Amino acid sequence: MDIGDRASVLSTPWVEKYRPVKIKDVAHQTEVVAALEQAVERGGGNLPHLLFYGPPGTGKTSLALALVREIFPKEILSQRVLELNASDERGIRVVREKIKGFAQGAVGQAKVKDGKTIPSFKVIILDEADAVTGEAQTALRRTMETYSTVTRFVLICNYISRIIAPLASRCAKFRFQPLPTEVSFNRLSMICKSEQVTASEDLLKLIITRTNGDLRKALMTLQSASRMVPHGSEIGDKEIALASGEVPQELLERFRSAMFADSSFENVQSVVDDVVLGGYPADGLLHQLCDLLVEEDYAELDELQKSALIMKMARAESCLADGASERLQLLDVGARGMYISKSRENSSSLFKV
Amino acid sequence: MKPNNRGLLWVDKYRPGTLDEMDFHLELKERLEGMAQRADIPHLLFHGPPGSGKRTRVSCLLRLIYGPAAEKLKVEHRSFKVGDPPKEIEMTILSSIHHIEANPSDAGFSDRLIVQELIKEIASNAPLDVTAVRVPFKVIVLHEVDSLSRTAQQALRRTMEKYSRTCRLILMADSLTKIIEPLRSRCNLVRVPSPSEKEICDVLQKVSKEEGFELPDQFAVKVTKACSRNLRRGLLQLQSSKMDNYPFAEDQPVSRADWELVCIDIASLLMREQSNKRLLLVRTRFYELLTHAIPADAIFESVTMELLRSADQEIAPAICECAAEYEHRLRQGQKAIIHLEAFAARFMQIYKEYIDNQYSMLIDDD
Amino acid sequence: MVVKMEVDGKDPKAVKKDLMWIEKYRPTSMDDVLSHQDTVLTLKKLIDGKRLPHLLFYGPPGTGKTSTILACAREMYGKTLGSMVLELNASDDRGINVVRDQIKTFASTKRIFSSGVKLIILDEADAMTSAAQMALRRVIEKYTQNTRFCMICNYVNKIIPALQSRCTRFRFGPLKREDLIARLGEICKIENVSIEDEAISALVDLSEGDMRKCLNILQSTDMAEAAKNGRITAAAVYANTGNPTPAEIEECLQWLLNDDFNTCSRKLSGLLEKGLALSDIIREIHKFMMLSSLPTKARIFLYKELGEIEFMLSKGVHEKLPLNALVGVFKATAMLAVEEGQGATG
Numbered sequence: 001m002d003i004g005d006r007a008s009v010l011s012t013p014w015v016e017k018y019r020p021v022k023i024k025d026v027a028h029q030t031e032v033v034a035a036l037e038q039a040v041e042r043g044g045g046n047l048p049h050l051l052f053y054g055p056p057g058t059g060k061t062s063l064a065l066a067l068v069r070e071i072f073p074k075e076i077l078s079q080r081v082l083e084l085n086a087s088d089e090r091g092i093r094v095v096r097e098k099i100k101g102f103a104q105g106a107v108g109q110a111k112v113k114d115g116k117t118i119p120s121f122k123v124i125i126l127d128e129a130d131a132v133t134g135e136a137q138t139a140l141r142r143t144m145e146t147y148s149t150v151t152r153f154v155l156i157c158n159y160i161s162r163i164i165a166p167l168a169s170r171c172a173k174f175r176f177q178p179l180p181t182e183v184s185f186n187r188l189s190m191i192c193k194s195e196q197v198t199a200s201e202d203l204l205k206l207i208i209t210r211t212n213g214d215l216r217k218a219l220m221t222l223q224s225a226s227r228m229v230p231h232g233s234e235i236g237d238k239e240i241a242l243a244s245g246e247v248p249q250e251l252l253e254r255f256r257s258a259m260f261a262d263s264s265f266e267n268v269q270s271v272v273d274d275v276v277l278g279g280y281p282a283d284g285l286l287h288q289l290c291d292l293l294v295e296e297d298y299a300e301l302d303e304l305q306k307s308a309l310i311m312k313m314a315r316a317e318s319c320l321a322d323g324a325s326e327r328l329q330l331l332d333v334g335a336r337g338m339y340i341s342k343s344r345e346n347s348s349s350l351f352k353v
Numbered sequence: 001m002k003p004n005n006r007g008l009l010w011v012d013k014y015r016p017g018t019l020d021e022m023d024f025h026l027e028l029k030e031r032l033e034g035m036a037q038r039a040d041i042p043h044l045l046f047h048g049p050p051g052s053g054k055r056t057r058v059s060c061l062l063r064l065i066y067g068p069a070a071e072k073l074k075v076e077h078r079s080f081k082v083g084d085p086p087k088e089i090e091m092t093i094l095s096s097i098h099h100i101e102a103n104p105s106d107a108g109f110s111d112r113l114i115v116q117e118l119i120k121e122i123a124s125n126a127p128l129d130v131t132a133v134r135v136p137f138k139v140i141v142l143h144e145v146d147s148l149s150r151t152a153q154q155a156l157r158r159t160m161e162k163y164s165r166t167c168r169l170i171l172m173a174d175s176l177t178k179i180i181e182p183l184r185s186r187c188n189l190v191r192v193p194s195p196s197e198k199e200i201c202d203v204l205q206k207v208s209k210e211e212g213f214e215l216p217d218q219f220a221v222k223v224t225k226a227c228s229r230n231l232r233r234g235l236l237q238l239q240s241s242k243m244d245n246y247p248f249a250e251d252q253p254v255s256r257a258d259w260e261l262v263c264i265d266i267a268s269l270l271m272r273e274q275s276n277k278r279l280l281l282v283r284t285r286f287y288e289l290l291t292h293a294i295p296a297d298a299i300f301e302s303v304t305m306e307l308l309r310s311a312d313q314e315i316a317p318a319i320c321e322c323a324a325e326y327e328h329r330l331r332q333g334q335k336a337i338i339h340l341e342a343f344a345a346r347f348m349q350i351y352k353e354y355i356d357n358q359y360s361m362l363i364d365d366d
Numbered sequence: 001m002v003v004k005m006e007v008d009g010k011d012p013k014a015v016k017k018d019l020m021w022i023e024k025y026r027p028t029s030m031d032d033v034l035s036h037q038d039t040v041l042t043l044k045k046l047i048d049g050k051r052l053p054h055l056l057f058y059g060p061p062g063t064g065k066t067s068t069i070l071a072c073a074r075e076m077y078g079k080t081l082g083s084m085v086l087e088l089n090a091s092d093d094r095g096i097n098v099v100r101d102q103i104k105t106f107a108s109t110k111r112i113f114s115s116g117v118k119l120i121i122l123d124e125a126d127a128m129t130s131a132a133q134m135a136l137r138r139v140i141e142k143y144t145q146n147t148r149f150c151m152i153c154n155y156v157n158k159i160i161p162a163l164q165s166r167c168t169r170f171r172f173g174p175l176k177r178e179d180l181i182a183r184l185g186e187i188c189k190i191e192n193v194s195i196e197d198e199a200i201s202a203l204v205d206l207s208e209g210d211m212r213k214c215l216n217i218l219q220s221t222d223m224a225e226a227a228k229n230g231r232i233t234a235a236a237v238y239a240n241t242g243n244p245t246p247a248e249i250e251e252c253l254q255w256l257l258n259d260d261f262n263t264c265s266r267k268l269s270g271l272l273e274k275g276l277a278l279s280d281i282i283r284e285i286h287k288f289m290m291l292s293s294l295p296t297k298a299r300i301f302l303y304k305e306l307g308e309i310e311f312m313l314s315k316g317v318h319e320k321l322p323l324n325a326l327v328g329v330f331k332a333t334a335m336l337a338v339e340e341g342q343g344a345t346g
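Protein chains in written order, with full-length UniProt numbering: chain A, 1 to 353; chain B, 1 to 366; chain C, 1 to 346.
Misleading hints may appear alongside valid ones.
[As the list claims (entries may be wrong)] List time: in silico EDC-like cross-link candidates among lysine to aspartate or glutamate, alpha-carbon distance up to 16 Å:
hint, chain 1, residue 1, chain 2, residue 2
1, B, K198, A, E303
2, A, K238, B, D202
3, C, K267, A, E295
4, A, K352, C, E251
5, C, K287, C, E251
Just so you know, the hints here were simulated from the structure itself, not pulled from any lab data.
This one's a predicted model, so the numbers in the text were calculated from it and none came from an experiment.
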């Protein structure tokens, strides 16, 4: 293989390379797939506006694309489908111009595809719909109503709570579930074979656990890890840890013991220092700490202490999401953890009532 | 370590030009070399605290991939017309024939649009004959990606997917936490930790040898401790300490940036007196710093760390809680001075209560 | 800019097949409007007596505000609907210029062979800037002779008081259960949908008085179930929307109140893996807890913390910590309740 070929083959993200093409290829989302296949059977004419929501990497965008590919023949796809997403401009003007312009355009003569009448509407796929401003969503709502004879909208988002209620109520909502281990495992194994990557069953399962049902993330972690070893060598835990950017066990251990065993603030400061200066993500540390606390036989803290600390950690993560200083938030959690582990009586002070 | 001709500051003069010249992060070096060899780089996200060497590593990597052409940089001041209604945004761009570098958060609220423009531009100027070039894509280096708004990061995400055939992105961030999850998962993460204290000490010693001056171990350690494992800061501090006074005296203090000294002073003011009058004085100090464009979060951290250093261990948790709370508010709010002042006031309250408690316990003991 | 009325008096069955049910079954005459008989009666009287005031319709979505005013318009104007009614909404520009120009143009032209007032419908009036609303006030005053305004909004407090005082307000509350159930039954007959009574009940529960929501869920469940050729069950409805069923919520509460931390955490995670959203679960749990008999301090603590967790989730953080925080909150609440109880008797 010459360099040109190699370069383009190597560099394609597996997420794109192995994206499902047909509705039925989309893994696991049985409710949605059934509903959409039905709709396609009937020629798609009865399709309402759709709202696909759920965690990332579960097939929302793939399914939307597969749907339009099955309803419309290839030749008219570009006239009948408009795809908009967060990488385009957002704001009230976009809604008014782009969408209206597209929606108002006349639809050609109804033809037949595979024996079924092609529906006479156009489809607008709005990816990352929860990134659209509230104002624009309000405008979108009426546009949808006005043009519902000639267009159908497919809104895609992660959090349905970010979609204003009046908009969501105009759509048929479909929740995309996180993929179960079995399903992800099969996909990953298949891709490993196809890409000649050596990874043990346990390792694949580890990746899946770490990525919480997000197939995209699992695949990216796998691809990223595969780049760290020579082609054909086995991928190990080390590569996965590096690829996923998690905090090393040793630091987690030190944090835990600084809070609960040594009860030393100096130690807490030292660990936090190492975490921050090591470039490790603070939210990662909090997640890993949480996993530790809810482990089967973890007994260092009693129920109430555990509750108080985890509530504090949740609040810290929320602050981090707002952009607060990692160092200060971790120090705060560490200090609170020390205080919590020392107090056995006087329980309501744990919760600051 | 080889001196180059990049300037008088030791930070620049001794910056490694190739991966081989790197004094630490050797494992990282292997990884980057592997990527460059295979002519396969995915999108990369270099993350790590300031002064850990991210920028240097990226330059070295580019040099390895594209050869010396990557070092011939041009500085451009470009103006982009973006948005609706169209606005003119001025940006400083560094470019070579194979890549461009920019800091999109310079564009403020229009950061998202700049990012899209840059990527579209580079992606459309891809080399025509893919097979004739060893590396068939261009690179866009974006600095301070963690300062980008969430919308800008979202925009980046999809644009990356769209143009990944013709260009690669190398993103740089101080902290991974501020990068949205989807962006984290679309890039290969390259963690660039701060060098250890020993590594910093070693570098300082090497520089002193190259520069031909005496650096007593004890002073080297002092500088190392003072720079909080930020090598850039360490080298600057060493250089300006030497300019202050050489040969280094026994008890010579490490030369520090003015603003850091002000912060240390603020901490000391807070601890020595807790009163309205004092609060007003502290406020003026804060204002001075802010008007000199010292970032509010840096002031916060600096003052807090100094307070933690000087106050009793016993109230350290209370200080942390208070600092975390007000710094969080600072992030969400608009006027930094209000939150800095609130923090100062609250600290005074905590400290005063603590002192009074200690005092009354002493009296009781009698 | 006049928007053509889409369904002007046609029999629903004859309307094109490609319509969504929420459009197909929009009430066309005033008698078809559900639940708000008093309002409709009042409006009819006002129309008949030619004493129609400026109107302000407000209330939650899907309760019939737009349908009612459209039906009124049909009643008042019949075939001349197109030229006597101007409909503006939030998808159009709402700046001051629109208010001044479009409305002025429409309001000031007089139709030669007609008498009676013209109607301007302002949908989503709460999306108008307050400057635009101010300008609107003056326009209303100026043309009150031959125009009537009907403003529609969800949040009446977003309408400036000056405008509110110039209108007669009508609240459109959530639709009544009986009305929804009856209407759904009719629609299912027409569309040939085979459905169990509990499923209709579930639909109505989930919709919270919003007809539009109801019909959308019905239509999408029908789409999914049609493949299976059976009757639509309540379980199918819940599965389709991904909402937790009442049984699942009861289970959650059992775990939260009785199990130890780790077990509870594990079970809740399992529920999330099934596809439920933590924010939905919290919403439903909250409803239950409102009816519980917790002592005051504990109750206050619980609501406050549930609110915090819900807020965290809205920022888009990973569900892991909020989920465990929820478990913790219940443990703390239980402890506080016991303490409070002891304090009272001790």
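Hint check results:
1. Proximity of K198 of chain B to E303 of chain A is assessed by CA-CA distance (about 42 Å); at most 16 Å being required, the pair is judged violated.
2. Distance hint between K238 of chain A and D202 of chain B is unfulfilled; the C-alpha atoms sit about 28 Å from each other, more than 16 Å.
3. Of the supplied pair hints, the one linking K267 of chain C and E295 of chain A holds, its CA atoms being roughly 13 Å apart against a limit of 16 Å.
4. The straight-line distance between the Cα atoms of K352 of chain A and E251 of chain C is roughly 29 Å, outside the 16 Å bound, and the hint therefore fails.
5. In summary, the hint linking K287 of chain C to E251 of chain C is supported, as the alpha carbons are separated by about 15 Å, within the 16 Å threshold.
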